[in-house]
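**Q** Here is what each chain is made of, one letter per residue.
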Amino acid sequence: MASSYSAKEEDGQRAGAPGPAGNANSGKKPDNTAFKQQRLPAWQPILTAGTVLPAFFIIGLIFIPIGIGLFVTSNNIKEFEIDYTGTDSWSPCYNCAQNYSWNSSTPCRCTLPFTLEQPFESNVFMYYGLSNFYQNHRRYVKSRDDSQLNGDLSSLKYPSKECEPYRLNENKPIAPCGAIANSMFNDTLELYYIDPNGTQTLIPLMKKGIAWWTDKHVKFRNPGGSNANLTAVFQVSTKPVNWRNPVYELDSDPENNGFINEDFIVWMRTAALPTFRKLYRIIQKKNNMTPTLPRGNYTLEVVYNYPVNSFEGRKRMILSTISWMGGKNPFLGIAYITVGSVCFFLGVVLLFIHHKYGNRNNSSDIPN
Amino acid sequence: MLRRRINLLFGGDEKRVDSRTIYVGHRPCPATEAFIPPKFCDNRIVSSKYTIWNFLPKNLFEQFRRIANFYFLIIFLVQVIVDTPTSPVTSGLPLFFVITVTAIKQGYEDWLRHKADYEVNKYPVIVLEDGRSIRKESEKIKVGDIVEVVEDETFPCDLILLQSTRDDDTCFVTTASLDGESNHKTHYTVPDTEKDLQSLNATIECEQPQPDLYKFVGRMHIYKTDQEPAVRSLGPENLLLKGATLKNTKKIYGVAVYTGMETKMALNYQGKSQKRSAVEKSINAFLLVYLCILISKAVVCTTLKYVWQSQDGQDEPWYNEKTQKEKDTYVYLKMFTDFLSFMVLFNFIIPVSMYVTVEMQKFLGSFFITWDKDFFDPEIQEGALVNTSDLNEELGQVEYVFTDKTGTLTQNNMEYIECCIDGFQYRNSDSMSELDGFCVTDGPVSKLQQKAGRDKEELFLRALCLCHTVQVKEAGPDEIDSDQVDGLVSELSQPDEQRGFIASSPDEVALVKGAMKHGFTFLGLENKSMKIRNRENNVELYDLLHVLNFDPVRRRMSVIVRSKSGETLLFCKGADSSIFPRVRQEEVDRIRMHVERNATEGYRTLCVAYKQLSPEEFAVADAGLRDARLALQDREEKLMAVYNQVETSMSLIGATAVEDRLQEEAAETMEALQGAGMKVWVLTGDKMETAKSTCYACRLFQRGTELLELTVRTLEDGGRKREERLHELLLDYHKKAVQDAPPVKAGVTRSWSTANQEYGFIVDGATLSLVMNPSPDTNSSRYKSLFLQICQNCTAVLCCRMAPLQKAQIVKMVKNSKGSPITLSIGDGANDVSMILEAHVGIGIKGKEGRQAVRNSDYAIPKLKHLKKLLLAHGHLYYVRIAHLVQYFFYKNLCFILPQFLYQFFCGYSQQPLYDAAYLTMYNICFTSMPILAFSLLEQHIAIEYLLDNATLYREIAKNAMLKWGPFLYWTVLGIFQGLLFFFGVKYLFSNPALQDNGQVFGNWSYGTIVFTVLVFTVTLKLALDTRHWTWINHFVIWGSLAFYVFFSFFWGGIIWPFLKQQRLYFVFANMLSSVSAWLVIILLILLSLLPDILLMVFRKPRGPHARQKKKIQTSAEARQSRSSIRPLLMRTFSDESNTVI
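Protein chains in written order, with full-length UniProt numbering: chain A, 1 to 368; chain B, 1 to 1142.
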């Protein structure tokens, strides 16, 4: 039967292209499966005012407390910010900023006094902030060699082309190469507490734990393994043009030297926006009795190495405590409160509408 | 000599090009100076487009001619050449994928064509060469070869018939695969050719190949030794066309005149024109908008970049110096490359993957049509067939349905219903007892309990048995085989009635079978005598003297027979209008009543008359007929004159009624289509009365419908000039239907409840041609527009007496009218092919009239009733799915790219991408493609049953409602809103990038990843919100995609990738998840982005879809009730038909 049928089908020349389904299924009854008959069991949700209403109220009820919590948390965070760019003549750093020269051998120092009105209770995080600094410029972002930073020896000798124009200096490969590394922030910030009786005490700043753990331990590695003599390993390369010291002299601590220097790693994580802050040091809480930074007078000692005037940038030092949500940022709290209120308000409006129109609808349905 | 004379005659050299000379059997002829074997093309058929060698370049060229592909190629090349922010892989990979998939698909299709060509070209044929029969492959036939063809074989090329095994030098062929006519056509051998083909020495001179199937002019010179060459003229009746099949003839010999691509079939083969759907046009329009957005974005960024850079210290701060190459580049060139870079950065806004997804959706989606078991017809053991998947969504947009009548609305299965003998009605009931009663007890079953005289009865039945050209198919062993094949078609018939009757029209078979039911069986034609078996089971023999063939002008046919008793009888049957004037008037009235009643009931009626010829009369007629047959000139006219002369002063003995039964559920289907707001036009070649009654039966015309008639009848009514009358009528109807009608509300073309007068419009072919091609002095275009306006305001239009070309003409006229409505043509026969090809969507019915319509259609269904589900359910769903797919794709790419655009304002316009390259590439391919594909395949926003029950739902999506600028604007605004929200929400969060509880800060890649996470979740959840039909596949794909995104992000950031230069995302995702703030902002932004959608969903249908659907059911149920109370299911009485205008 089937063969005689197909013989019939053949008569005449087939014209045109066969369709996607072709004759594959003709001649036999299509399968009666749920999928093929588009009868798969399905859940058919219907959004009505009735179902959405509680959702709005619930969202409102959840979001508003969260928002309040966030807002309060953010407000409890102590933050102190001081600009030490030195653009104004009264600024202590004015001279350093104005007389900046790349090759001066003696670093320029300036001292900024400031007062903390409130004590900083828990661990205090010290940030440096830069403005109008385009770390997210494409030419800048890509100007690095991650395999060199990962300790690859061949990349040490032959850095990636992306590093141009900071790839070679006097025919020696630059390590670390690229614009990011070359422009590493090199101001030194020191904090002194001035006792009410006038004595200055240096506040110990911890430089560990400022970079992502994974960056420090996996992504960045010194060439030649952890125990190698960095000076020897880096002999094939030269220091970045703008650096004063080669990479193997970044720190005396071998755990924090070379590519795994945390300041360096922090700098290498390019910021998202032209105004940004980066973690510089951590002031650890000593004991429960005294606040980490009691209220009072302080001075900030800056070794002014980093020029920003040429591109109208600003430099800041920020002291901040940290909560579970990070640094101080009222945005989240406000946003949550707003959205929660909006949802709640919409819930009320919907309830009103539902009440008014739902009734009318019901009455029209009754004749059914 | 002769040739030269001919050349002179025809005007010399120029004319020579227009004809070809063929040497029969390649034998040189004495009359020609030298035998130059002429060069003709071989008999190879090539329908394939590519060869192995040119496939790659040609296919690539064809593919890149598509604007979209070309655009992506340009983007790709720009990425390769210019220093761009994203790697060429991001756009190269998807493009490569698209191109490869398309190439494979087209290659496969071409391979199938190659295979089909190969089959045809290698088909073995027998060629006579030097007296021997040689088997050859079909492609090796050369012009001039003598080819042998046996019964049921198709002709391998165009042949001139030289010899046939039939005695009367004829052969029968069917041209079903050429023009769809399945009846047997008679072709004649060239007269006076010698029986021995070996010694035949002849040349054929004929015109160059031309595509007209029914035209052929040529002449044959036969050279006989010692004789002046004889010249025979050749016409289409001598030409056997390639593709036709030999029937009822054992064997024929013919000489090949046209071969291969020069055969009439090959010349008629036209590739199906590419039909593009309205959705595709919308996509292209949206694409243009997005291209403008893209270009303006790039221009804005480039301009701002240079404005920004002109400030001091911004262009090249000390920390970020340019490379030497950059410094050296000429500034304008740099501007240009910057512009290109921005284009590349934002090019994701026009996604390659959308084309892939749309193609996949169409391709996969069309399987649901083939899989649908509701489309399966147990009779022919076949389901629906999809020839193109490009038009799925167009099925949901149909505004005009053009349907054929015969075989589409009706079954084309003629069934004898009743006869009327001498004014008495003999209804043939289906019940066997009554039938037996008629036969045995001699008492005709009549509603009037009256009967005509037995003589008259038998005379009438004899007339039915004799007056036809039906042939009985000889039953042989191979006959049983073919009967089994036929058995599929009509397996219910009893074997006795299943005698193979072959006739040129199904009516004749029905009549012969009808006579059989009344006891008179036609046994066949043997040696020019017709055998019938009468009621007493005696065999009667009649000598068939003459057959006066049927022709459409006379609309009747006659036979002249001589009975055994020596009487010479003429039996004539034909249309009432052609019989009544030729019979004695006193007999007419009794029968006219029956005929008219039958006609209004939708039956095809024929009147039967007879006449006894005296020997003298017969002698005159015989001589006249013979003379006319032999006439070489004006044969037709002369024959006609003799026919008319003979067929006079007959006496009317009765009339027959044959029913062409309606297709199953034809009326319900038509009603549903009209309910869905479609206008149904019936285009038929049938006569008006029959077509009109079919329309009533199909409920296209209702009782309240006022019929506006524009036919030859109404035109000739006033006795004035046709043009004047036409003008007058058109204006009159226009006033009625268009001007007086209340303005139709937009979107709602017709609703149940309105008390508006409904109009039906009837026009016939002759009048239509007057309207379409009026004489030049009248204002022609005015007629056309008047006509069109009237038609558009009528609920149903009936066009009868249409030629196939006129059908296409009508479709074209409507298609190109204002608003360019979407048209659908449905038909089953070859005469519908033109309109099937012309309409936006062509539907073929797998009917009895060959496969021509199916082959040329876009979709083929076994029965008319399947059209309802095809349009109302499948079409509706496909449209909603693809419209949503398109809008969603543009939306999700807009809110994908907008943050990247905004980021340029904060990164010094440096083309820094916000997202990592992997995310850029994977976004459209992996993260967000599967949910929308699943949605676009499975979504049923309204259940199929609802759609079928509530035809009015179809109107909600009419006129491309979901892809108008309004919805597009909504989606675009939504995309912009969400894009802004993503970017600025995260930006405010990053005003303090210390987001972890250990004080550590996030960088730019964290920023991008947070935005991207929000994005992926939002667009996926937005789709989840829109999904109304959650099958497990939807669940799997939606939640699976999100899970995959999370998994991929962990994986991508989880290891140091060995061969990559950049490790940008190393642990970025994991670190992001360790920050509570990031979590909170992600949740907040997702919720806020979806809020407007949720709100709109609630506000737009404040009463909820449940109530809406309930209401629909109620109204439609009411409507059905009110309608069904008006009219029984199948109406048979036409008392209400009288309110026809005029």
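Just so you know, these hints were derived from the structure itself, not from any lab.
Among the clues, some could well be false.
[What the hints assert, rightly or not] Pairs of lysine-lysine residues, derived as DSS-like cross-links and limited to a Cα-Cα distance of at most 25 Å, are as follows:
id, chain 1, residue 1, chain 2, residue 2
1, B, Lys1061, A, Lys161
2, A, Lys172, B, Lys105
3, B, Lys322, A, Lys142
4, A, Lys157, B, Lys325
5, A, Lys36, B, Lys815
6, B, Lys322, A, Lys161
7, A, Lys142, B, Lys959
8, B, Lys815, B, Lys959
**Q** A separate judgement is required for each hint: does it hold in the structure or not?
**A** Hint by hint, here is what the structure shows:
no.: 1; hint: B:Lys1061 x A:Lys161; in the structure: holds, 10 Å
no.: 2; hint: A:Lys172 x B:Lys105; in the structure: violated, 55 Å
no.: 3; hint: B:Lys322 x A:Lys142; in the structure: holds, 12 Å
no.: 4; hint: A:Lys157 x B:Lys325; in the structure: holds, 22 Å
no.: 5; hint: A:Lys36 x B:Lys815; in the structure: violated, 34 Å
no.: 6; hint: B:Lys322 x A:Lys161; in the structure: holds, 13 Å
no.: 7; hint: A:Lys142 x B:Lys959; in the structure: violated, 51 Å
no.: 8; hint: B:Lys815 x B:Lys959; in the structure: holds, 13 Å
In the structure shown, a violation is registered for the earlier hints numbered 2, 5 and 7, in ascending order.
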